[in-house]
Structures are given as structure tokens and as C-alpha cells.
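Engineer: So the sequences go chain by chain: Y and A. If you use our numbering, the first sequence closes out at 240, no skipped numbers anywhere. If you use our numbering, the second sequence closes out at 240, no skipped numbers anywhere.
A hint or two may mislead.
Identical copies look the same in the list; a pair holds intra-copy or inter-copy alike.
Stated by the list, open to error - Dumping the calculated SDA-like pairs for lysine to any residue here, alpha-carbon to alpha-carbon at most 25 Å:
#1 219 <-> 44
#2 219 <-> 45
#3 210 <-> 105
#4 219 <-> 133
#5 219 <-> 75
#6 219 <-> 58
#7 158 <-> 107
#8 158 <-> 213
#9 210 <-> 165
#10 158 <-> 172
#11 219 <-> 183
#12 210 <-> 156
#13 158 <-> 39
#14 210 <-> 193
#15 219 <-> 195
#16 158 <-> 69
#17 158 <-> 211
#18 210 <-> 57
Honestly, the hints are just simulated from the structure, not real lab data.
Each chain, written out:
There are 2 protein chains.
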Amino acid sequence: MAGLALRVAGRQLSQRGGSGAPILLRQMFEPESCTYTYLLGDRESREAILIDPVLETAPRDAQLVRELGLRLLYAGQSGGAQADLHIDEGDSIRFGRFALETRASPGHTPGCVTFVLNDHSMAFTGDALLIRGCGRTDFQQGCAKTLYHSVHEKIFTLPSDCLIYPAHDYHGLTVSTVEEEPTLNPRLTLSCEEFVKVMDNLNLPKPKQIDIAVPANMRCGVQSPPS
Amino acid sequence: MAGLALRVAGRQLSQRGGSGAPILLRQMFEPESCTYTYLLGDRESREAILIDPVLETAPRDAQLVRELGLRLLYAGQSGGAQADLHIDEGDSIRFGRFALETRASPGHTPGCVTFVLNDHSMAFTGDALLIRGCGRTDFQQGCAKTLYHSVHEKIFTLPSDCLIYPAHDYHGLTVSTVEEEPTLNPRLTLSCEEFVKVMDNLNLPKPKQIDIAVPANMRCGVQSPPS
Numbered sequence: 014m015a016g017l018a019l020r021v022a023g024r025q026l027s028q029r030g031g032s033g034a035p036i037l038l039r040q041m042f043e044p045e046s047c048t049y050t051y052l053l054g055d056r057e058s059r060e061a062i063l064i065d066p067v068l069e070t071a072p073r074d075a076q077l078v079r080e081l082g083l084r085l086l087y088a089g090q091s092g093g094a095q096a097d098l099h100i101d102e103g104d105s106i107r108f109g110r111f112a113l114e115t116r117a118s119p120g121h122t123p124g125c126v127t128f129v130l131n132d133h134s135m136a137f138t139g140d141a142l143l144i145r146g147c148g149r150t151d152f153q154q155g156c157a158k159t160l161y162h163s164v165h166e167k168i169f170t171l172p173s174d175c176l177i178y179p180a181h182d183y184h185g186l187t188v189s190t191v192e193e194e195p196t197l198n199p200r201l202t203l204s205c206e207e208f209v210k211v212m213d214n215l216n217l218p219k220p221k222q223i224d225i226a227v228p229a230n231m232r233c234g235v236q237s238p239p240s
Numbered sequence: 014m015a016g017l018a019l020r021v022a023g024r025q026l027s028q029r030g031g032s033g034a035p036i037l038l039r040q041m042f043e044p045e046s047c048t049y050t051y052l053l054g055d056r057e058s059r060e061a062i063l064i065d066p067v068l069e070t071a072p073r074d075a076q077l078v079r080e081l082g083l084r085l086l087y088a089g090q091s092g093g094a095q096a097d098l099h100i101d102e103g104d105s106i107r108f109g110r111f112a113l114e115t116r117a118s119p120g121h122t123p124g125c126v127t128f129v130l131n132d133h134s135m136a137f138t139g140d141a142l143l144i145r146g147c148g149r150t151d152f153q154q155g156c157a158k159t160l161y162h163s164v165h166e167k168i169f170t171l172p173s174d175c176l177i178y179p180a181h182d183y184h185g186l187t188v189s190t191v192e193e194e195p196t197l198n199p200r201l202t203l204s205c206e207e208f209v210k211v212m213d214n215l216n217l218p219k220p221k222q223i224d225i226a227v228p229a230n231m232r233c234g235v236q237s238p239p240s
């Protein structure tokens, strides 16, 4: 198939089209909250989706969308905050030739979801499964037992070479796989009973922005812009 | 080809072998210096190379190498500090079925190199080319004109879909391409003359760790461990 050409910032930016073209994926980092935002796009149709955007880095993300000549369809949260589009287990969010399958993965919050690319090559696990870790379960109606079952039933059942992209990382790691986490994750290799015991005794400090984030989540993700 | 199996942390971790298997690539971030370290491995032979490691995160990197069942051959710096193995323009650093081609890309320092994967699908540009930016040229025998020619002749001549992985990013971006940078990089889309003028008038503050880094580079990268 012939290449596409599109205009970016007044210049021609050629694109390799073709149905065999891999998906466009960009991972972006916000250091204050250690959040990863993901931009996923179809190189052919230029339709794109943003997963786990952060308010403070929205201008950066919007600029990249513009520069790459993409058309943003949705900006979705995996963490339970949903603004415009309400999604349920099994819903499919289409962008161009691709789609994200929604898998409910509660436990960190009741509303957490994991987005899985339709070919099962990558999963965006939000706060449920982190690289060698997992989201805390001691606030926002969290439940360790529920999280354990979510991860084992909804994520660890994906193909072993499925890439795992979490919403946060605190050690500078960027990606893992379904092969690694059931083997190397120090928490999720425990029995469910041991896991619940560990999670119930973490004694973590209260997150810095929780007094802003929880009420905003309760209002379906609608926040006031930072002053 | 049948899959390999290797033992990681006392458990079996199966590996998809086969000559068609993609290279293993992990990007890791160090927030103090905003440095990216890259782990590249051959999934079949398990031979691996580390590019731009940071002293403070060496334990993390070593743990990942161990966990993935890799055997580290070299830990290479693109920034001009070379400890054990001295490399020159055109040298090829083999690991398993892959190799990194060395391209001299001076200008930030006289010793900077860009490592290019032998299939030209990815380039590790060190401090020469950053995403929408470039390394400063106002210390360590830097030269803006030299940097301009390095980037245009050694990096922008790679295939347009070649991924660009820099040694640093200060905005949370993780990767770019040879398609994007010659079009969207605000510095390197200038003429050489304009570029030199911009670089000579940046008036940047002195980097925090420069008094440690420069003498260490002069001693070929041999540093005292942090106290």
C-alpha cells in the first residue's frame, strides 16, 4: 500500500501506511505523580486515544497529538474516574483499525479497569498491576482480595508476551510482561491470604493530592483547573 | 524453532526463541539527572548490552538483568566516557544475533557517539540529539557547528522510521523518530548558522554534577562510588 502524507506544522510528514503497520504507541511520564500517560494511534486513519492523562501535562500531550497529525477520539482513565464516556466490562473502544477491550480490574478502587489492545499484545493496567508491585488497597473502597483476583483472572490470563504498561512507576521502569509479573512480582506471587495480609499492613502515608483527587473522582473526574 | 526455557529466581521463565523474535529492549529512567538507560538483549543467546547506565541506579539495572536471565557483555556510555572498551567510528559491538554500530557524533563533547542497531530500526543518540532538542555545546570542548553536522550527517540520514532514543529527556517524552526530528526539532530545523547563534546564546546554568562528571570523564569514566 502506498504511504500516506500528512501535513504537520506546515511541513509534509510522510507516513508508512499499510494494514501491517504497527500501532503508534508513545509513553509519557509526569514526575510529580510518577504517572505514565499513553498515546495510542492508528497510523493509517490517524485516530488516537490517550490513556491516563495528567492535568498538568495536558499541554505537552496535546502538542504531541498535533505534531504527529493525530485526531484524538478519547482521553480515558483506568483509575475509576470517568467523565464523558462510561465504560463497562467487555466494552470495546475503537480507534481506526484497532480497539481497546475494557476489563474490569477492581481492588485499588471499585472502578479500576485494564485496557487491553484487541490483539492482546499490550495491556494498560492502570493502578491495578504495577511493575513488580500493585496499587494500594487501603483507601477509596479498596479491597486486597478483590485486587488479587482481578490481577490473576483479568491480567495474568493474557498471553505471556503481552506487554504490561502501568499507570505509575516509582523506580524508573517503563514496561513489563505477563511472563514476568506472575513469576517476579513480590506481592502477586504470594497466596491470596498472604497477599491480603501484606496489603493490610503496608502503613503507607496518605498521598499528597488525595484530598483533591477523591472528590474529583466522585464528581466523575471533573476537576477545576489548577490555580 | 522451539522456545527456550531459562531459570529465573528459582522459577521457569519460558522464552520465545526463533530468529524472528524481536530484540529485547528496556528503557529505564533516573529522575535526578533525567537520564535514560537502555538494556538491549538477544532473546535467544541472552547476551545483553547496557547503554548509558547511571551509577546511582546500577543496582536496579543489575537486578533487571538478573531477573530477565540476561548475560551482560558491556555497559557502554554514549557521552564520551569510556572505561574498559575503547570504540571508534564504525566499530561494531556484537551481542547475540545483533550488533550496535558506532557512529561518532561529536559536538556536545568530542567523544560522543550514537549507537545504531544493525538493522537501523533504532538509534541511541546519547547527548547529541534529544527529543525536540539537543545537548548543550558550551562546555567540555563542545562545538555547535560540529554538533549540527553530526546530527544531520550521522542521524538524520537513517531511515525515517528509525526510533530515536536519547540519553536524557526533561519533559517526560520517551522516544522519537528520524521522521519527526528533522521536521519538528525547533533547533535542528534551523540553518547551521542560525543553530550556532542559538546554541551560543542559551546562557544555561552550570549542571549540578559537572565538577564530579568532567574529571571522571577525563579519567576514562572511572569514578569513586558515592559516599
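Engineer: Does each hint fit the structure? Answer for all of them.
Structural biologist: Here is how each hint holds up against the structure:
{"no.": "1", "hint": "219 <-> 44", "result": "both (18 Å within a copy, 22 Å between copies)"}
{"no.": "2", "hint": "219 <-> 45", "result": "both (15 Å within a copy, 24 Å between copies)"}
{"no.": "3", "hint": "210 <-> 105", "result": "neither (35 Å within a copy, 51 Å between copies)"}
{"no.": "4", "hint": "219 <-> 133", "result": "neither (35 Å within a copy, 47 Å between copies)"}
{"no.": "5", "hint": "219 <-> 75", "result": "neither (31 Å within a copy, 31 Å between copies)"}
{"no.": "6", "hint": "219 <-> 58", "result": "neither (43 Å within a copy, 45 Å between copies)"}
{"no.": "7", "hint": "158 <-> 107", "result": "neither (32 Å within a copy, 47 Å between copies)"}
{"no.": "8", "hint": "158 <-> 213", "result": "within (10 Å within a copy, 59 Å between copies)"}
{"no.": "9", "hint": "210 <-> 165", "result": "within (17 Å within a copy, 57 Å between copies)"}
{"no.": "10", "hint": "158 <-> 172", "result": "within (23 Å within a copy, 49 Å between copies)"}
{"no.": "11", "hint": "219 <-> 183", "result": "within (16 Å within a copy, 28 Å between copies)"}
{"no.": "12", "hint": "210 <-> 156", "result": "within (12 Å within a copy, 59 Å between copies)"}
{"no.": "13", "hint": "158 <-> 39", "result": "neither (33 Å within a copy, 31 Å between copies)"}
{"no.": "14", "hint": "210 <-> 193", "result": "within (23 Å within a copy, 49 Å between copies)"}
{"no.": "15", "hint": "219 <-> 195", "result": "neither (28 Å within a copy, 45 Å between copies)"}
{"no.": "16", "hint": "158 <-> 69", "result": "neither (33 Å within a copy, 36 Å between copies)"}
{"no.": "17", "hint": "158 <-> 211", "result": "within (11 Å within a copy, 57 Å between copies)"}
{"no.": "18", "hint": "210 <-> 57", "result": "neither (48 Å within a copy, 39 Å between copies)"}
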